[in-house]
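Numbered per the numbering used here, the sequence shown spans residues 1 to 640.
What the hints contain is simulated information worked out from the structure, not anything from laboratory work.
Do not take every clue at face value.
[To be verified] Restraint ranges, calculated between C-beta atoms of paired labels, are given here:
id, residue 1, residue 2, range
1, Pro97, Glu153, 17 to 27 Å
2, Gly281, Pro116, 45 to 55 Å
3, Pro97, Phe5, 32 to 42 Å
4, Asp355, Asp107, 54 to 64 Å
5, Met246, Glu63, 12 to 22 Å
6, Thr472, Thr390, 23 to 33 Å
7, Asp359, Gly231, 32 to 42 Å
8, Glu170, Pro499, 39 to 49 Å
9, Gly470, Thr532, 33 to 43 Å
10, Phe408, Glu170, 51 to 61 Å
11, Glu199, Pro358, 31 to 41 Å
12, Thr532, Gly231, 30 to 40 Å
[Claimed, not checked] Below, computed lysine to aspartate or glutamate pairings styled on EDC-like, alpha-carbon distance capped at 16 Å:
id, residue 1, residue 2
13, Lys503, Glu142
14, Lys503, Glu493
15, Lys347, Glu31
16, Lys347, Asp39
17, Lys259, Glu367
18, Lys67, Glu31
19, Lys255, Glu361
20, Lys259, Asp369
21, Lys534, Glu433
22, Lys381, Asp399
23, Lys486, Asp507
24, Lys381, Glu275
25, Lys67, Asp32
26, Lys259, Glu374
27, Lys255, Glu364
28, Lys503, Glu468
29, Lys67, Glu37
30, Lys255, Asp359
31, Lys255, Asp355
32, Lys347, Asp16
33, Lys198, Glu19
34, Lys67, Asp7
35, Lys67, Asp80
36, Lys255, Glu367
What you are looking at is a predicted structure, and each value in this text was computed from that prediction instead of being measured.
Ideal Cβ placement from N, Cα and C applies to all residues, glycine included.
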Amino acid sequence: MADQFTDPFGALASADLQEGPTSFYRLGALEDAGVVELDRLPFSIRILLENVLRHAGGDHVTEEHVKAVAAWSPTNAGADLPFMPTRVVLQDFTGVPAVVDLAAMRDGIKALGGDPARINPVVPADLVIDHSVQVDYSGNSEAYRLNVEREFERNRERYGLLRWAQHAFEHFSVVPPGTGIVHQVNLEYLASVVHRRKENGVWMAYPDTLVGTDSHTTMINGLGVVGWGVGGIEAEAVLTGQPYYMLLPEVVGVKLTGKLPEGATATDLVLTVTEQLRAHGVVGRFVEYFGPGLANLTLPDRATLANMSPEYGATIGFFPVDDQTLIYLEGTGRDPGLVERVERISKEQGLFRTDGTPDPEYTETVELDLGTVEPSLAGPKRPQDRISLTDLASSFTRDLPALLPAGFSLGDGGEGSNGQRSVTVDVDGEAYEISDGTIVIAAITSCTNTSNPSVMVGAGLLARNAVERGLTAQPWVKTSMAPGSKVVTDYLESAGLMPYLEKLGFDVVGYGCTTCIGNSGPLPEPIDEAVTEKGLVVASVLSGNRNYEARIHPLIRANYLASPVLVVAYALVGRVDVDFLSGPKPTGSRCSTTNCAPPWLIRIAVARSSTVETSAHGCVCRCDEYAHLRVTFFPHAVGT
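Full structure from sequences and hints, please.
Encoded structure:
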């Protein structure tokens, strides 16, 4: 917060908004004084500049800090910067220690004869309980209820502490379990993009900035908010009103042109960018997206890209505020006054991008034609190892020897019809053959993709077509769906797609971070024993963001990131070593266990927008605009 409105640069200004007279620190004042040329600065650096300008002359920020940020250039970064975020976002695993420390401080001040109620976060904080649900139950309509019950049984003491904290502390709120992942709740509800708060009796407006205790806090960059994940100590320091000390970063600009071709999803784009930026090198840097291709990406697409910043190594993956931001704020039920505030203040501050806005200067520039993006997966161990969909089968065969557990070789055990090691297991009274390359987990899981309506509706459309053709998921595949928030199930139900996903075993298992962080739950005992005894290299396909060895499940050595669409497709097939382009059409209710890949599962063409309205419990998506969506098939069309 501003320190008694110190204003060494004469930047304090005011605007008449729908919400009332509002003051702000005008960046244009620095330009008028010859301190900076705003147009040349990346938008993310402009937000850091506003941050130091607003706090200049206070306890932590000096005029020299303002001049240092204003002097940023492609060859001039690295200055010391005391960043003062406007809020903190916590998740339950990494946020609990902060609550415990605050509680201990209350005990300490009480022991000294003081008032414990004086101990409160200085900077507002929100804690979202989303990392404690595990997929103990899946594939049935009771899965969600049973998993939540188990979650409360396991975490009763922790949840009791958090419930106490919600009522005990000021400037502190808790989003309860079973609501959604922290990043999607942040995107849909918590973020304001431009805050308006009363300080020293005056209403002030300034950019929404934050730090979070989860690495994928960066999802909020898609909404034009600067924020990233930090350690618990740093987050606690910010909670108590201390700066986050950092070096002024280099900024890599990613110029996007063209538009995604039919059949390519936001997930495919994310995996392509992750591969490209890992190869380029962006660790410790800001990444900022620009170029004419931005107009062809919806805000959920941008949030999907921003979410993966840790995977491509950047501190943030930032998208400036523009018309898409306003559309999303309106669509998610934000107050009209807030939407007007975001537009007015962002434009006043030179933080609003249009197609006519000059491109800023960047430390380095990377270019990507969106039209070159193709259906992809990533794996088997790293998110940056992108694989074209058509190459997955050969890729798995190539990687298989290196994936074997210690003490096993490809000559161990029997051989199935595909020439790989196999074993027969009994699942629910039926005998099935599993082998190297068998998929045992197919999970539509938070947090990268379940926030994006285009890929979630695409998965629902694929499920509908599969069910209408009498197909079911393979019985040895543990299927699950953990949406990013209840918004997702609302629009899937409104579109009539949820029943089809459920018939394929993709019932909701919870609203939280599940398979992606290893909360995938147990495998069926016969499969667990077979994989352990034979050293089989079985696989998972998930729509998350991390697939490191043993992270998804200790027994699964090949893990592939994919869109929710492909998660459903591979659940039907049950293997990763199949050829989707040339495989035979399925016969009967299931594909065969060897090389049965229905080609009609390949390309999805969906509208890249949705209509959203407000309901009593928050934001829900009205899917009447999805009536014209279609699934296109190749090379052997079987109808739509």
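Determine which of the earlier numbered hints do not hold for this structure and return their numbers in increasing order.
Every hint satisfied by this model.
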